[in-house]
Amino acid sequence: MSVIGKPFPIRDAREKALGTAEYTTDLKMPGMLYGKVLRSPIHHGRVLSIDTSRAEALPGVRAVITGRDIKPIIYGFGWRHRKDKYALAIDKVRYKGDEIAAVAAVDEDTAEEALDLIKVELEELPAVFDADAALVPGAPLVHDDAPGNIVKAYDIHKGDVDRAFADAFKVYEHRFATQRVHQSYLEPYGCVVHWDPFGKVTAWIGSMNNSGIRLMLADALDLPVTKVRVIQPWVGGSFGSKVTLCNIYPIAAYLSKKAGSKPVRIIYTREEEFYASRPRVSCVIHVKTGVTRDGCLLARQVRLINDAGAYSEMAPAMLEVMCHRSDSVYRIPNVRIDAKLVYTNKSSIGAYRGYGNPQMTFAYESQFDVIADDLGIDPAEFRLKNATRPGDVTTHGWQITSCGLPDAIETVRDRSKWAEKRGKGRDVARGVGMACTIHEGDDRHYLGFTGSNASVEIHEDGRVVVISGEGEYGQGFQTIAAQIAAEVLGVPLESVDVTFPDTDRTPYALGPWGSRLTISGGNAVRMAAEDARKQLFEVAAEKLEARAEDLESSEGRIFVKGSIERSIAVAEAASAALYRWGGKLILGRGTEEPNTTCMDPDAQSNPCSAYSFAAQVAEVEVDRKTGQVKLLGLYTSNDGGNILNTTLAEGQVVGCALQGIGYACTENMMFIDGAQPNPSFLQSGVPNALDVPPIDVHFTDTDDPYGPFGAKGLSELGAPPVAAAVANAIYDAVGVRLTNLPLAPEKVVRVLRQKSTATKGDGQS
Amino acid sequence: MKVAINLRVNGDACKVLVPPHRPLVDVLRDDVGLTGTKKGCGAGECGACTVLMDGKPVNSCLVLAVQADGKDIVTIEGLAQDDRLHPIQEAFVQHGAIQCGYCSPGMILIAKALLDENPRPTELEVKQAIAGNICRCTGYVKIVEAIQAASRLVANERRA
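Note that the protein sequences, when read in sequence, are chains P and Z.
First residue of the first sequence? That's 41 in this note's numbering, and the numbers climb one at a time after it.
First residue of the second sequence? That's 78 in this note's numbering, and the numbers climb one at a time after it.
Just so you know, the hints here were simulated from the structure itself, not pulled from any lab data.
Even for Gly, the Cβ is constructed at its ideal location relative to N, Cα and C.
A couple of the hints might just be wrong.
[Claimed, not checked] So the derived list for chain Z, only partly shown, Cβ under 7 Å to chain P, looks like this:
| no. | residue |
| --- | --- |
| 1 | C91 |
| 2 | I153 |
| 3 | E154 |
| 4 | F169 |
| 5 | V170 |
| 6 | G173 |
| 7 | C180 |
| 8 | T215 |
| 9 | G216 |
| 10 | Y217 |
Extracted from the complex, chain Z is given alone in its bound form (with noise of 0.2 Å):
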């Protein structure tokens, strides 16, 4: 049995027809063709699957797909505008905060769930933030580098 939910994605609306027990994580990467939502364990520890429901950082790997039925989801896709990085992709790229990049898309999401709640995290508060996604590359220092240069260029633009 399949159930037809209705998704915007990215601000694109998407009808997808899903079994109920499938997990919203699948249905971005397989169904609507979003492969930036990466997979790392498929059980809420790692934090790689990390997209925007409603706003809300949420792993996509616990969130069954039908629960998702009416939400706004961002994923790590709808975050650069045209050919221009956001400002957090723009610092995880210039400040070595990508190796591999498998955390990356989560990261940079979490990020941006966190600046947009608090937008001059201290760096405490921005490890407790990152604390449930994995990156076993980088060590998080230059991630943590990372997001508070992010937080600087996002109140520089929102004052320009």
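Okay, chain P solo, but in the shape it has when bound (with noise of 0.2 Å):
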């Protein structure tokens, strides 16, 4: 391998150093208007008038839009499972932050301005903050048309878990709760949007998906698809949020159309992301587990509450995810999870990074070492007894193939000085925790078309183009799919170019859910310079008078195999191609779809075409006094295959780590009566430079067979262990065990307290 497995950094890493790559929120265009949007000032309301005419009076002003300008289209993420937003409130607000109109002006403070001069009357309604109190019977009803505020609800079981239950040597059942965080990306949400007088709509968009938000953009604003083009400029960090469609894209569409075609930009406020983008779900989780004497696990049952806020989006897709995903870590027989997705009056939530993972990882992971403790288990050594191995289906069916799981179990174990560490603790109030996880490498969710498509150009000079629809965000997809063609055509990294997404000029792709743009992705550009090179090696072979099976290339030329004399290079090919009669461009095709399954009424599935796991162990010293816990370590070990870029794969799992520090320790975007108290960065408590303790990050020597050069997805493996395996090693430390996210100081002291106040037991909290 001359290019797979090195230490790249990322392809654009220049333009970001110099400032020179332009940011959704650095575009300008000629004639280009500044939007604003007013939002809803009350948590539940019904619109009764809106007088728009001061501000349509202010000089400066082009457009002013409310819910009478828009095409009173249902649309939303939600489209499998329910439509329920418009993108401007037509009869009700629903939330503290909702939009009700629009202006587009000359600069951004006359589009404020003119907000101040919008006259809304609202009939304040009732408003439930809590999901469980959106469960009772006679709570405010969030949506009219939505029975005791339910978007959704599972009931998915497997195996008989009564009678396992009834068989098992102990039960034990704990109650979880966690909380919302924000992926608190750098550049907030933006975007400019020009619909032209001949009524196409082209969206210049931070976005992660151009192929899905240019679906979901036409369904909102009912044109055809073809009318809508969606163009990805760089991306200022996304972490799944910025996957799906955000209203303000269909807004600065009809304050386009509205102000003459002029292109209108909107761009989040830092508050406006705390009130209303999509922020982590925050669950209650209540887990039921029973293992035999010798510490099998037999049976799982599982309540768990989301709280999806005003509009489903994302939530009840998520839901379905979070109620099997999890079961595939170990070997357990019967599972049952009775779910329920419930609106509230909040803004809605949003993927981040493990899309329910973190959650459903703390609450399993917590009390598995609840178990381990009582039996008398090691917990590394009741990790490695149940894990999942290769080879393995699991209970809803994943057949699991490469899993570096027991590797990773045992690596961070012995890397950790685990047996030496563990504990040992009481007295120094030290002590070691273990956790493990399993992601998504892609997730079907339905039928049709979920691949990817790719083509690779070579043109005459040599230069290699890769036109994938997948999006880079700093992920660093582009650099990864340079590799591939790089390695397939045997040429140098620096002669290969990859486009941004653009839905008029790039081939459409699934998107990056579940971690699945190296694989997809991936392999569908591997497939395109495969073709590609097929192409080239013809032409070589006629000019090398050589058989095209027996060529084989390295740093940018054609070799006859075993005579290296014999060679051409790739440009001369490549040109000799194009420039004679019947020439053509060297063009290579790929398209990647999954041979994968969607849930069936058994929830049984294979969702994905690989999986990847992860574990890890934090090491923390508590003080006793002000429950302060100090992460002294956090040592990692993940399984995301054949590593293709080092460089990029340690970013990816100690960034991802960091935030799932974050979200164990400091993170929650409280509410009080609805009310936001801390809508900031540092209020909310996303972590500086001196919040990072050492982390050792290792991979797992693990090759997987459908993945591009034996690669998996390990962007989302980082945060989703953290928070149990801190909170087991705070257990280890102190012997208190926290159930609440965050694991924060005050919680520390609340349960030491009641553990020296009560004469036998663990506290909770």
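Got two chains here, each in a separate frame; can you build the complex from them with the hints?
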């Protein structure tokens, strides 16, 4: 391998270091107007009247729109489950921040001023902010057509849980709760949208998922899909959030149209991010688990309640995954989950690195340690004993091919010096804790095309252009795509370009669901490069008077195997292919469509072409007086298959792990009767450089049979295990069990006090 | 009402008419046209808009443009010389300190301010210096490594 497995920097690092990379927030166009959104000041209410006349009269204002100016189309990512959202409120507002009206003006100050001049009359309705409260009969209804405030419910079972509990040596029950946290990417939501005079809408959107956003935007605007073009500029981080439609995209389109086809730019403020974007869903997770005397998992029953906020967005799809994903970390024959997704008068929720995985992993892996402790089994041994292994078909039918989980558990155990540190902590208040996770590579939710398309062009000067519809938002897909093409074609990495997605130019691709870009997008690029190489070698074979199958290429030259003096430059062959009678550009095509299945009524499926695993050990020191938990180290072992780029892989694991640390220890979007007291980076607890413990990054030696060059997804592995690993380490250190995230000092102090006053047993908080 | 101010940005004199409430970051990005300076929060919390004002790092979202009248401003666009990256930029590229890149201009400038003051900072000093700059992608580890590597590069250049 000449480029695969090497530590190349991300390919656009130079532009980013120079400040020349153009993000959506940097875009300016001739005639461009600045849009602002008027948001609901109340949590729940009926729209009685909106008077925009004074705003319209303000000099510099070019368009004002309300629910009357839009097509009354209900849309939403929940299309497979439920559509429940207008671009602007028509009848009701359902959370403080819901979009009521919007303005486009010649500058931002004028647009702001115009918002103040819009007079809105609302009839306030009772609101509900807590999922449990929303389920109580008689609770205020967020949507009149969703009785009981239930968006979606699942009842999934496999085997006979009741019988297994009856047979079990012991059964354990716990309740865990997790909080909302924000993705806190640095570039806020933004777009520039131009509805041209011929009816075509062009949108520059800092999204993760051009093809998908185009479909959703066309749906929201009721336009044929080819009348919508979505172009991706550089994206300043996303972590899942920017994968679906944001309301400002259709709003900017309507403003553009009304303002006489001028491009309109809308950029979220940071406050809007906290009030009106899509953070991680908060959950209450009741877990009941039965085991045998020697520590084998027999059955697990789960009651899960997710707080969707006011609109369903991605929450139903996420709930579906949360209902079964984590059952494949270990061998467990009987499972049952009763899951409900509940409307409340808060902003909607969205994807955030793990897609429900950090929540379920926190609950399951925390309880795992309680069980291990009670049975007197070392938690690492307990995990190894039950771990999923290569070749397993898990309880939901997931076909595990490559699996580095046992290796990962042993690695973090040994590298953390687990045996030396474990169980020694109670005098010095130091301890270690472990947790494991599984993540999807791909995730089939429906029967249509769920793959990726790519093409590879080889131009006459030898430059290779990779054209993929998959997005780049700082995670490094373009670098990986370039490496794959360079490796297949035997050309230097520097001679490969990768285009940014533009739906008028780049082919349809599913987008980055379930850490799938390396596997699916990467395989499409590999196939396209192989197709291009075949065409190239045919031309080279004529020139070299050899058979195409006897050729190979390296460092930009094509050789006859075994006689390197018979060679031709890639550029020369590509040029010969083009500049001749009947010539053509070398153009290879690749389509990846995973051989995966949807969930059947018995919750059986094999939704992914590969599954990734990770294990972590956290080491903590707890200050018994203040409750401060100091993270002394985080040991990670990650099964991302064969690692294509060590620099990028380490960056993904460490960055994700720090998000996991924030989630575990400090981050919390607070709600007090619906009000948000901490809508900012600092107040919500986003970690800074001083919060980073030593993080040990290890990759298992795994080679996946499906992924390109043996690779699997790994960008979501770093975060999920952290919270349970830290909670388990706190238990090892001071003997108390925390079951609510974040693991904040006041909770530690509270359970320590409870423990000291209780006669026996562990406190819980 | 607008006020005329004179800035020196990356060595070039700029005269701009600005409303008195307009922060420096908006003037640099919209009036001067240098969008390398990023705006992440507008509240001085994330450091993405860090620039050097008379050699000192400031959050340009917290400085009114009128307060910068007569000052010397260095933005990310002022660091590279011709095609040659500044050693800090080069170290950020080579050490994988850049992912989405939105914090990078501010991080690189805060690092420059640090190394100008303290050419051989310890790891803790680097972390303290960048504690006001948020990066959500990298987990900071490679940024700290890059700044330490840059300090060695800068020191070597000085010696040479």
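Here's how the hints hold up against the structure:
1. A hinted interface residue such as C91 of chain Z counts as satisfied when its beta carbon comes closer than 7 Å to some beta carbon of chain P; here the least separation is about 17 Å, so the hint is violated.
2. For I153 of chain Z, the interface hint holds, since its Cβ comes within 7 Å of a Cβ in chain P; the closest pair sits about 3 Å apart.
3. Given hint, E154 of chain Z at the interface with chain P, holds; its Cβ is 5 Å from that chain's nearest Cβ, closer than 7 Å.
4. A least Cβ separation of about 5 Å between F169 of chain Z and chain P falls short of the 7 Å threshold, and the interface hint therefore holds.
5. Look at V170 of chain Z: its Cβ gets to within about 4 Å of chain P, closer than 7 Å, so that hint holds up.
6. The beta carbon of G173 of chain Z is positioned within 7 Å of a beta carbon in chain P (closest approach about 4 Å), and the interface hint is therefore held.
7. A cut of 7 Å between beta carbons decides the hint on C180 of chain Z: the least distance to chain P is about 5 Å, and the hint holds.
8. With a cut of 7 Å, the hint placing T215 of chain Z at the interface with chain P holds, because the nearest CB-to-CB distance is about 5 Å.
9. With a cut of 7 Å, the hint placing G216 of chain Z at the interface with chain P holds, because the nearest CB-to-CB distance is about 4 Å.
10. For Y217 of chain Z, the suggested interface contact is upheld, since its CB lies about 4 Å from the closest CB of chain P, less than 7 Å.
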